[in-house]
Amino acid sequence: MSLIAELEKLIPDLRTELIRACSLQELEQARVACLGRKGSLARIMARLPELAPTERPAVGQKANEVKTRLTELMEQRTAELEALEDARRLSGFDASLPGRAPRQGSRHPTTLVIEEICDIFQGLGYEVASGPEVEADYYNFEALNMPPEHPARDMQDTLYITDRILMRTHTSPVQVRTMKSRKPPLAVIVPGKVYRRDSDLTHTPMFHQIEGLMVGRDVSMAQLRGTLTVFLRGVFGLETRVRFRPSFFPFTEPSAEADISCCICGGRGHSGEDVCRVCKGTGWVEILGCGMVDPAVFESVGYDPEEVTGFAFGLGVERVAMLKYGIGDLRMFFENDARFLAQF
Amino acid sequence: MLLSTKWLREYTPCDVATQTLSDALTMLGLEVEDILHPFAGLKDVVVGHVVECGRHPEADKLSVCRVDVGQGEVLDIVCGAPNVARNQKAPVAPVGAVLPGGLEIRKTKLRGQPSHGMICSERELGLSGAHDGIMVLPEDCVPGTRLVDALDVDAEVLDINVTPNRADCLSVIGLAREVALAFKLPFRLPEYPLHESGADASALVRIEIPDPELCRLYQGRILEGAAVKTSPLHVRCRLFAMGVRALSNIVDATN
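Going down the list, the sequences are from chains Z and H. Here our numbering is used: the first residue of the first sequence is 1, the next is one more, and so on. Here our numbering is used: the first residue of the second sequence is 1, the next is one more, and so on.
Just chain Z, same shape as in the assembly (with noise of 0.2 angstroms):
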């Protein structure tokens, strides 16, 4: 056969082959097979040289038709079998169902509780001040009147990075910190995470404070009352009563503690026939501590409390945010769960 024939022929011979390649795969072979390095195509043009010279333009220049009509096939058959690929990948999309939106983060409850609390605080004047995680033992426990071997140091389960540097165990260091860097009168609130030795269904070894602090002449344990009655019923709604007890913290002299009328019962002890779970009975929940601050607390920080006075208060934030949003169980603060932090 002649050269051209031969070249004529390998048009039909494709044809062929791409009807029955089922997958792009099977159609890359074929395509290897006619036009690729060692294909049909060039084997047939592997023998232009056995032609005489005159003879050779002419075969050329078919062997290119050729090619052209080859690889329009080739592309052809490519294109519909991609069209295939893609209606069976699409078959059984229905347009009409909703598209996947982006998730959408949210703010964390205790995120929310400190700033809903440094908001109604900022409202009343105060600044929000901030101090170091990692701490000094003297600004922790010493210069708020809680000397080495104290028992008062019992109270909290520190966790010691040295002798003398710690993991603040509450936010209370920071009133110090403050005071020493400016004179009175001063109004601060302190949000912020403390650490203690402690890991049960009800602590954690990290948690978050916000602590307060007011000095000036004539600050009175009556404006302590004011303020905190205010800020709570802020916090937990108009309707709720507020209490205090004596208590006691080696830095405030007189010490209280604060209690709520409790947001689930409504301070009535109970929910229809069982105690309620959260004030256990008793109608109140306790829900932060709070005093005078101790002159001893004063001479630490070079104010003389014989010209001024000042209360100071510290709470909880993961348990304002437990009774507020009615959570359950601590540990959900902690564990990153989606299916919590999305209803925030």
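I should point out that these hints are in silico values taken from the structure, not numbers from a laboratory. Virtual Cβ for every residue (Gly too), placed ideally from N, Cα, C. Please note: incorrect hints may appear among the correct ones.
Across the chosen pairs, the derived CB separations fall in these ranges [to be verified]: (1) Z:334 / H:167: 34 to 40 angstroms; (2) Z:334 / H:101: 36 to 42 angstroms; (3) H:167 / Z:305: 21 to 27 angstroms; (4) Z:136 / H:167: 25 to 31 angstroms; (5) Z:273 / H:188: 43 to 49 angstroms; (6) Z:270 / H:223: 49 to 55 angstroms.
Position chain H relative to chain Z; hints supplied.
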């Protein structure tokens, strides 16, 4: 700090409801964290009078007893204690009673003899570790009385969180002072008649305080002729109510 309300009443005549007392203490700064019922497990146990006591025909170590538990009921009880004897008064758990620890008393036969109850040791009652025999009760106990009434123990004990600044409240007397003030009641310390004789204690013993800053006062008394024994039952029950283990009369007195 656990507070026995009955003991409290020896110093101040406070007869308000336990919840009222608890609320008052909390508002004074002595937060009541819990109200405990240390003797709740003994609610089914009654005083029994061992009317008859004989050797078990099939077992050397067992005795077959007839025990009067009041209301005309006399129970057949087989008892394994070495010290059970006729005419004793002892704690009896009748059929249906549930003891501390969960043991439920059922009608049973021991080596062929019926036993409808159990005469209890202190350990079985959860009062102490004593288990070498049954607990023998004072002569004047009346059969059929509930054991908790016969021993006059506390129904309720307050668990008070005493803050570090109130060490004065780490005793019943200290708490009684607070309660007396709270309710405007009289406060009286019982009289402790002291029989002093013989040489001065300072002639017999020298007390030296090396560091007066750390220890400002040390007081001592000489007691002669004291024998170490188990404390009387009512003392041990008081200490039990307040979560203190009774060890011996001398140690218990210091507690």
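For this session: Report the numbers of all earlier hints that the structure fails to satisfy, in ascending order.
Result: No numbers; nothing is violated.
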